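Guided by the hints, dock chains B, C and D with the ligands onto chain A, whose structure is given.
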Amino acid sequence: MAMLKYRDALRLAIKEEMERDPLVFCIGEGIGERGGSYKVTDQLYKQFGPGRVIDTPISEASFVGMAAGAAIVGNRPIVEILFVDFACLAMDQVINQAAKYHFMSGGQGFVPMVLRTQGGAGNSLAAQHSQSLEALFYHIPGLKLVMPSTPYDAKGLLKSSIRDSDPVVFIEHKLLYMTEGEVPEQEYLIPLGKADVKREGTDVTLVTYSHMTLKCLEAAERLAAEGVEAEVIDLRTLVPMDRDCILASVKKTGKLVIVHEACKRGGIGGDIAAMVVEEAFFDLDRPPVRIAGKNTPIPFSLNLEKLCVPSVDDIVEAVRSLG
Amino acid sequence: MAMLKYRDALRLAIKEEMERDPLVFCIGEGIGERGGSYKVTDQLYKQFGPGRVIDTPISEASFVGMAAGAAIVGNRPIVEILFVDFACLAMDQVINQAAKYHFMSGGQGFVPMVLRTQGGAGNSLAAQHSQSLEALFYHIPGLKLVMPSTPYDAKGLLKSSIRDSDPVVFIEHKLLYMTEGEVPEQEYLIPLGKADVKREGTDVTLVTYSHMTLKCLEAAERLAAEGVEAEVIDLRTLVPMDRDCILASVKKTGKLVIVHEACKRGGIGGDIAAMVVEEAFFDLDRPPVRIAGKNTPIPFSLNLEKLCVPSVDDIVEAVRSLG
Amino acid sequence: MNEANADLLRTMYQVALTIRRFEEAAIGQYRLWNIRGYFHPYIGEEAIAVGVISALQPDDYIVSTHRGHGHAIAKGHDTRLVMAELFGKATGYCKGRGGSMHVSNLGQFNLGANGIVGGGIPLATGAAMGMKQKGSRQVVVSFFSDGASNNGVFHECVNMAAIYRLPILYVIENNHYAVSTPVEQSTLLRDLSKRSESYGIPGLSLDGNDALRIYQAMAEPLRRARVGEGPTLIECKTYRHGGHHINDPGAYMPKEDLARWKAHDPIDVLRDYLAAAGVTEAAIQTIKARVEEEVAKAVEFASQSPQPSEVDFLQEIASL
Amino acid sequence: MNEANADLLRTMYQVALTIRRFEEAAIGQYRLWNIRGYFHPYIGEEAIAVGVISALQPDDYIVSTHRGHGHAIAKGHDTRLVMAELFGKATGYCKGRGGSMHVSNLGQFNLGANGIVGGGIPLATGAAMGMKQKGSRQVVVSFFSDGASNNGVFHECVNMAAIYRLPILYVIENNHYAVSTPVEQSTLLRDLSKRSESYGIPGLSLDGNDALRIYQAMAEPLRRARVGEGPTLIECKTYRHGGHHINDPGAYMPKEDLARWKAHDPIDVLRDYLAAAGVTEAAIQTIKARVEEEVAKAVEFASQSPQPSEVDFLQEIASL
Ligand SMILES: Cc1ncc(C[n+]2csc(CCOP(=O)(O)OP(=O)(O)O)c2C)c(N)n1
Ligand SMILES: Cc1ncc(C[n+]2csc(CCOP(=O)(O)OP(=O)(O)O)c2C)c(N)n1
Ligand SMILES: [Mg+2]
Ligand SMILES: [Mg+2]
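Protein chains in written order, with the numbering used here: chain A, 66 to 388; chain B, 66 to 388; chain C, 981 to 1300; chain D, 981 to 1300.
Quick caveat, the hints were computed from the structure, so don't treat them as lab data. Keep in mind it's a predicted model, so treat the numbers as computed, not measured. Do not take every clue at face value.
[What the hints assert, rightly or not] Selected chain D positions facing chain C (in silico; Cβ < 7 Å): (1) 1133; (2) 1142; (3) 1171; (4) 1175; (5) 1178; (6) 1180; (7) 1185; (8) 1238; (9) 1239.
[Said to hold, decoys possible] Sample of chain D residues facing chain C (criterion: CB under 10 Å; computed from the structure): (10) 1130; (11) 1132; (12) 1135; (13) 1139; (14) 1166; (15) 1167; (16) 1170; (17) 1177; (18) 1181; (19) 1210; (20) 1242; (21) 1292.
The beta carbon of each residue, even a glycine, is placed where N, CA and C say it ideally should be.
Extracted from the complex, chain A is given alone in its bound form (with noise of 0.2 Å):
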């Protein structure tokens, strides 16, 4: 095992992918020489040359277009937005064509491309680059999405995400890029759709994707120091999205709280409160309670960034509030 940076385990995920099939190449803004805007291509150009590790003029509906044209065509293109905001640019063709294209032909054509993207609030960013825009993916059938939130994870999933035939959306948070996790030296893969039970706990069943699961972790920590056992479920792909771990663990523990850093309304939270309450109203003790994002863009100002995304001290709070 060795330590490495999110970043570091995703480009080594590219890495092993590109050597190991020659049809996958990288397409982006400042992806080449540079190596990208938060250093996932580093060194990649390098090894790969232009023809693999694609520079692109700012135009995001168009790369993202032919990214799914050229996995049609069986190349399997990783194509990267700076900012899941600007992904806004390349929604025609990500939901029009990428998601469909496989259903519309029949099942003749399949689209095996990786949209690699960022978001999220920290930086001081301001309201078009921080974010958190997974909904809009989650609610278009035909694509899958994912949403690491460490280093392991990161380079697992993004492997399967390059090997997967459809369309993968694969969001990566600006938070993250630098924070350090164990990850083995030899290949592994981690199957999209399977949760990762990151804390075991039996008192309250804490679901969370991205960056809010290291924020569940130290609040589960601050529980167990009150005696309340947290479970904190790492969706990881969000879709598909394994149903199962969920309700194996609200079935143990009766209380629910899901979490995560996107706008309340209209966040997945609700689908994932929705569908408990469907599958299993009678397991729940109490009602399931929401920890998201505040419904605003995101204000400059950094006490005011900070006000708009769930805080550690939010959930435990949350969890407090349930008795």
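Relative to the frame of chain A, chains B, C and D with the ligands by itself:
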């Protein structure tokens, strides 16, 4: 009272507002002499001329952004996107510009624009012309979201939307344009954020909006024949949402069925279910149920298409299953 | 004109006529409610699909539009399976999932029609990037019309194809309308191929109703594409013989314009070439008969095919 | 050079120097962590904002970019309130909600900076449509850089402004880079103004470091815009004096290029004009002193301003 078609009620709303306020103008594809694909802007070109009923090239991203720009400098544009599916091309301008401008400018600027569009399945128009994408707008702070089901509501809500100082996404349904209903001769407005109880009942609450309102009403009639009195709440406005109306009804009936055409996963139903569970868990006799569209791109073939959208039978069945 | 040319002309004529008759037959079926949804006929524009695609190798890719039946037929698709797709039948190329606006056939290198105007341009450009990546000599043709050329993806993609020197031909089927909007109302340019200069690539504007001239003009763009010199922007000027879709009477199209273009019908142009090449009237009648038979069979096949299975469908989407 | 010109030059010089010193001071504050987030300095490009905006009427609109402090200052904004916005303070133009990438000031007709590259182009075009609608003689200037000109909205908007003959100037600040991507790598064109021909409108390419020449060149585009003849595409060639943002050392920028452009510093160019116009060194020193004082006050004001109120914020968003 006159009997009017939905599309004619919409046209009347636009016409009255254009007569009232010279700053209102319409922009979109083929809305001028041709009067729009669904004839909502028919004859307006004749009355108001090419300066206020403006045909555009096929440049959705930009003309939606232009509407926002014109709104910021004081106009009240009504921009039409032929199919909500094509709104995906304009998502950056909707989400990153129009929705956030007021906030990002520290309250200096307002964006009083209406994005009129149309969605839904039912005409064998296949995967790129049949989607129900309201959840994508619902999740974005700074947007209002209106989806009327009757000519009366369409007119009163469109007029309020045009006068509103925020960007309003106004989604019509292709199967509603030819439906008829009573519309008063005198001017009236319907405030945004007020649901309408389209049918009173005591046994179960059906929460719905847009075209599904008609199906819920039909289901309610069938249920009444079995002695079950369903209350049908037509939300009309999804943002802001009239939670009080929903909660009051659930308090009365103890049973909640949410019905929408959009895909279940990530649809607005999850949000409503979660909200009701959070606010009124102990009013509920049964877990809330969501009856929604299937998680699939809409197929072309009519026999498959009809399987994707909730039917009256599905709604009746769901209520019956609550016992 | 030599024998090779006469052969080519015969084939072109047959294909163009097949498109024409296919569309007419399908329109008839639409009127009978056997075809539903949107239907955008290619009638009047046949020379473009025929001229461009005859110049391609069978494994060159095409990417089509909402007005895509002509491209599919010119690419050699089985008219029975195209018609069945229009009928929404299980036997169609897309098993009835796609319909008129989404006909595709990967086996014959047609990435498909598209319901989003301009939506196919990035897919085509990406396919060309894929070919370059693989070191293949396959070329991609991206078809679209005047309306699409005002969409942002046109600009972005032609620019990227230029800088990456991708093996692609952008073919603007300028039929002078985007639904009811005349091209003069949505751009100040006369020749849309002039936009090539914005990207530092060659452009040409052609008579879009003359399949032979189009065929001949493809040689240089295809050579460039195959040797890595990059894309070409090709405008073919043509005209619809009717409204935008079946239910649009096209009343906004000036009668004189329509008459002028109909007098220059792409089928007639090919027929005149055939006559000039010495092909006999009898031979032409034989082709016509063959076409009529093929189209009749396509309609029959589609009519008799089963609806897609609901059970299979529900199973298929269970995992989505 | 006559007295009027000397006055204009003095003002231009003062504004350009204010931008330069403002950026330098703000960078200093960034290093002290008083400013956070992204910061894209306008150093080296001052002549464009100054040249273009001096030619405008006060009620003409501008739409800015992520590199927008220069436009704001040239438009006459209070440097204290701009600096306070960069600090994220309650006293900033956007009450700390916007920050560097979103400075706007509607009172002085600046619709604002934008964090989305190209995102302001449709807003600007729409504002111009609004002006046309109202029958106003106000003109809109849409600023953006080379990178943005490869985005689809550029194409769509310039085309629409052309067909509607909107009162707008599209100003490409070609600083030869989009982050680290050189302009030669993202287009095959040498002069980006050539793209005007795709839309049937005039285009011109200018020395972007010569504010006076830019000012003079604005006369005809502004005349056209005001009388309803439509848009003009104007490229101003310039160069950043550093990396893309504060934390980018810009190592990829060839030293010789940087040296050549620095030798043609827009501030020096204005200073030489001043000297040629007979303005004394003493007068220039007076301007410098005034600028230093203004910028120092801006920093002081921003430093001493309060953070935005959390209570107010929570109340404000409660209705969203
Ligand atoms: C993005 C998008 N906008 C609008 C439409 C509706 N629409 C369908 S066809 C069409 C006209 C297309 O014009 P053009 O590109 O010239 O193609 P043509 O119909 O002439 O072949 C329009 C506006 C669409 N399908 N997609
Ligand atoms: C749509 C979008 N894509 C990417 C980015 C990230 N980004 C910020 S500035 C920049 C470069 C912009 O280049 P250019 O338009 O030349 O402006 P300059 O920085 O040179 O002023 C990029 C890619 C963004 N903000 N928005
Ligand atoms: Mg056309
Ligand atoms: Mg630049």
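Quiz item: Which numbered hints are broken by the structure, listed smallest first?
Solution: Result: hints 3, 7, 8, 9, 20 and 21 break, sorted rising.
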